[in-house]
Amino acid sequence: MFKGIAYIFGFSIIALLGIMVWEMFRGSSFAIEKYGLDFLFSSNWDPVAEQFGAWPFIYGTIVSSLLALVIATPISVGIAIFLVEIAPKWFRDIVGFLIELLAAIPSIVYGLWGIFVLAPIIREYIAPLFINTLGKFIPFFAGPSFGVGIFTAGVILAIMIIPTIASISREVLMVVPNVQREAALALGATKWEMIRTAVLTYSRSGILGAMIIGLGRAIGETMSVTMVIGNRPEVPDSIFDPAYTMASVIANEFNEASSDIYISTLIEIGFLLFGVTLLVNIFARFLVWSTSKGVQEAK
Amino acid sequence: METVLENMKKQKVNKLSANLGRRRMFSGFMITLTVISMILALTPLFSILGYVIVKGFSALNLAFFTELPAPPGEAGGGMANGIIGTFTLISLASAIGIPVGLMAGIFLSEYGRNRFGKLVSFLTDIMLGIPSIVIGIVVYALVVLAMGGFSAYAGGIALAFIMIPAVTRTTEEMLKLVPNHIREAGLALGIPKWRVIMLIILPTALRGIITGIMLAIARVSGETAPLLFTAFGNMYWSQSLNEPIASMPVLVFNYAISPYAEWQAQAWAGALTLILIVVVLNVSARLITRKR
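Sequence lines, in order, name chains A and B.
Under UniProt numbering, the first residue of the first sequence carries the number 1, and numbering increases by one thereafter.
Under UniProt numbering, the first residue of the second sequence carries the number 1, and numbering increases by one thereafter.
To be clear, the hints were calculated from the coordinates, so they are not data collected in a lab.
In this text the structure is predicted, and so the values were computed from the model without any measurement.
Some clues are possibly wrong.
[Claimed, not checked] Label pairs and their computed distance ranges (CB to CB): (1) B/SER58 x A/PHE25: 41 to 51 Å; (2) B/GLN239 x A/VAL21: 31 to 41 Å; (3) B/LYS118 x A/LYS34: 16 to 26 Å; (4) B/PRO203 x A/LEU185: 45 to 55 Å; (5) B/ILE36 x A/SER205: 19 to 29 Å; (6) B/THR32 x A/PHE25: 30 to 40 Å; (7) A/ALA15 x B/LYS193: 17 to 27 Å; (8) B/VAL279 x A/ALA15: 30 to 40 Å; (9) B/ASN19 x A/ILE138: 36 to 46 Å; (10) B/VAL54 x A/PHE140: 31 to 41 Å; (11) B/ILE126 x A/ILE94: 25 to 35 Å; (12) B/LEU33 x A/GLU256: 38 to 48 Å; (13) B/PRO72 x A/GLN51: 25 to 35 Å.
Even for Gly, the Cβ is constructed at its ideal location relative to N, Cα and C.
Sequences are here, hints too, so could you generate the full structure?
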């Protein structure tokens with residue numbers, strides 16, 4: 001009897017996921033039938049004329065989350081190394097708590113801070129650094145910067161995924177057996193050489209898994225990005241241009257969508273987002289599992 | 001697995017010609033970099049907390065907690081409806097999410113050591129990674145369209161969908177920490193399995209489970225994206241759970257992107273209140289586990 005009830009609730013998880021997939025499929029079938037694959041690669045987004053192309057959003061999501069990953073990975077791995085190999089225990093606890101706090105701050109608060117604090121800093125100080133050097137040769141880094149844009153979104157996302165990547169990398173580093181370290185030190189390696197040869201080499205795939213879980217979070221992150229990316233449905237020429245992501249176009253336009261086909265295209269974008277994060281998460285879990293069976297939870 | 005020696009050879013670490021002093025300096029340099037990366041990561045945290053506390057406190061007053069939002073551009077007003085709304089939504093989400101998550105967790109730990117259980121466990125992990133905006137769309141299609149409008153119910157259900165996998169996962173992990181001999185002792189006394197679970201195993205793991213539930217509530221209380229087109233928002237009091245309902249995160253979002261200075265100031269006050277809720281839940285959850 002009780003066993004039966006428990007099984008029903010276990011089954012409810014499967015049912016819930018099934019319902020999600022079914023509802024997304026049903027909601028987007030209208031758009032899928034009407035536009036087919038062209039929808040993904042057309043850059044023309046004009047709801048009034050019923051022209052729907054999702055490429056600007058897909059592009060924005062890819063660029064902003066890859067940018068976030070490029071910024072966040074070295075910092076996160078640095079933190080993990082510092083916490084596992086260098087810091088004394090009492091300090092480790094404090095920093096660990098602060099990093100967890102960083103993960104607990106609601107996305108909307110990141111967005112608020114992004115609009116009023118980060119965007120002006122990027123416009124005044126950080127963007128000119130790139131625009132006046134790299135921007136002179138590579139159009140991708142050309143100006144001007146309005147503060148809001150794809151670069152600002154990438155920075156906010158990086159801050160938000162650092163706790164994820166850092167805490168998983170930390171657990172991955174902690175399962176490296178101590179004999180590895182001792183062997184390297186006994187062979188005359190300096191502390192850094194020991195970390196690089198014995199610890200990082202050993203935990204490569206786990207760190208890669210952590211990066212991909214972080215990437216999954218960055219792809220799905222909505223509110224903070226919506227508030228700082230500038231919301232312009234065109235493929236940006238420069239990294240400082242305003243752009244749009246898949247998640248933020250849904251957040252902004254879903255309530256205003258007036259026609260059935262408009263809503264259906266937005267649901268299709270959501271379906272795509274769902275599919276991509278699904279694949280990314282499955283891949284990442286596989287990688288993390290393969291190094292340390294203990295790390296299951298992606299915070 | 002390559003041996004350490006092979007790795008070192010490959011990376012030319014043990015080259016005898018390598019200058020020890022230079023290697024030590026490089027080592028120190030890289031270790032300094034790890035310290036710098038930690039500082040880089042913590043700077044935004046302190047900046048966010050600093051701004052939210054300073055700007056939030058200056059906009060915080062009694063009216064903020066007792067009054068309805070003022071019309072755009074007018075001074076005064078508060079987020080009383082948003083505060084009550086957030087607590088209403090959290091209660092609805094907890095009423096659905098906690099029992100379902102608990103039972104699913106019990107299933108995974110106590111009955112799920114088979115193929116079916118492994119599948120459910122895997123899908124729970126997958127659900128944890130679904131973007132919350134996607135859950136908003138699903139609940140819109142499932143509840144809002146079916147009920148004919150935005151409602152507190154829809155918002156609560158959306159938040160519950162986020163809570164369920166989180167509660168399931170922590171419940172499972174906490175129950176699995178209970179040593180097997182406790183289960184066996186109960187069963188040996190002739191107690192039926194379901195009573196062993198409810199009366200012996202669950203209470204043993206209760207502290208950890210409550211911690212997990214509190215963290216799940218903390219996570220959900222700041223969620224904005226899934227509420228945008230389920231609970232929607234409301235500038236007034238909601239008369240019933242069938243109506244759109246205001247919530248703190250949605251109000252903060254609308255105020256933050258508005259052009260009015262008064263509203264922007266209140267957005268900071270809202271952010272401060274949200275952070276306080278989240279931090280209090282997080283810290284007390286930590287204290288509960290530490291006492292063990």
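Hint by hint, here is what the structure shows:
1. For B/SER58 and A/PHE25, the Cβ-Cβ distance of about 49 Å falls inside the hinted range of 41 to 51 Å, so the restraint holds.
2. For B/GLN239 and A/VAL21, the Cβ-Cβ distance of about 36 Å falls inside the hinted range of 31 to 41 Å, so the restraint holds.
3. The hinted range of 16 to 26 Å is not satisfied by B/LYS118 and A/LYS34, whose Cβ atoms lie roughly 40 Å apart.
4. Our hint of 45 to 55 Å for B/PRO203 and A/LEU185 holds, since their Cβ atoms are close to 47 Å apart.
5. Between B/ILE36 and A/SER205 the CB atoms are about 26 Å apart, so this pair conforms to the stated range of 19 to 29 Å.
6. Taking the beta carbon of each, B/THR32 and A/PHE25 are about 52 Å apart, not inside 30 to 40 Å as hinted.
7. Restraint check, A/ALA15 to B/LYS193: a C-beta distance of roughly 25 Å satisfies the suggested window 17 to 27 Å.
8. Separated by about 35 Å at the C-beta atoms, B/VAL279 and A/ALA15 satisfy the suggested range of 30 to 40 Å.
9. A beta carbon spacing of about 37 Å between B/ASN19 and A/ILE138 agrees with the range 36 to 46 Å that was offered as a hint.
10. Between B/VAL54 and A/PHE140 the CB atoms are about 37 Å apart, so this pair conforms to the stated range of 31 to 41 Å.
11. Hint check: B/ILE126 to A/ILE94, Cβ distance near 34 Å, so the stated range 25 to 35 Å holds.
12. The hinted window of 38 to 48 Å between B/LEU33 and A/GLU256 holds, with their beta carbons roughly 47 Å apart.
13. One distance hint, 25 to 35 Å for the beta-carbon pair B/PRO72 and A/GLN51, holds here, with the actual separation near 33 Å.
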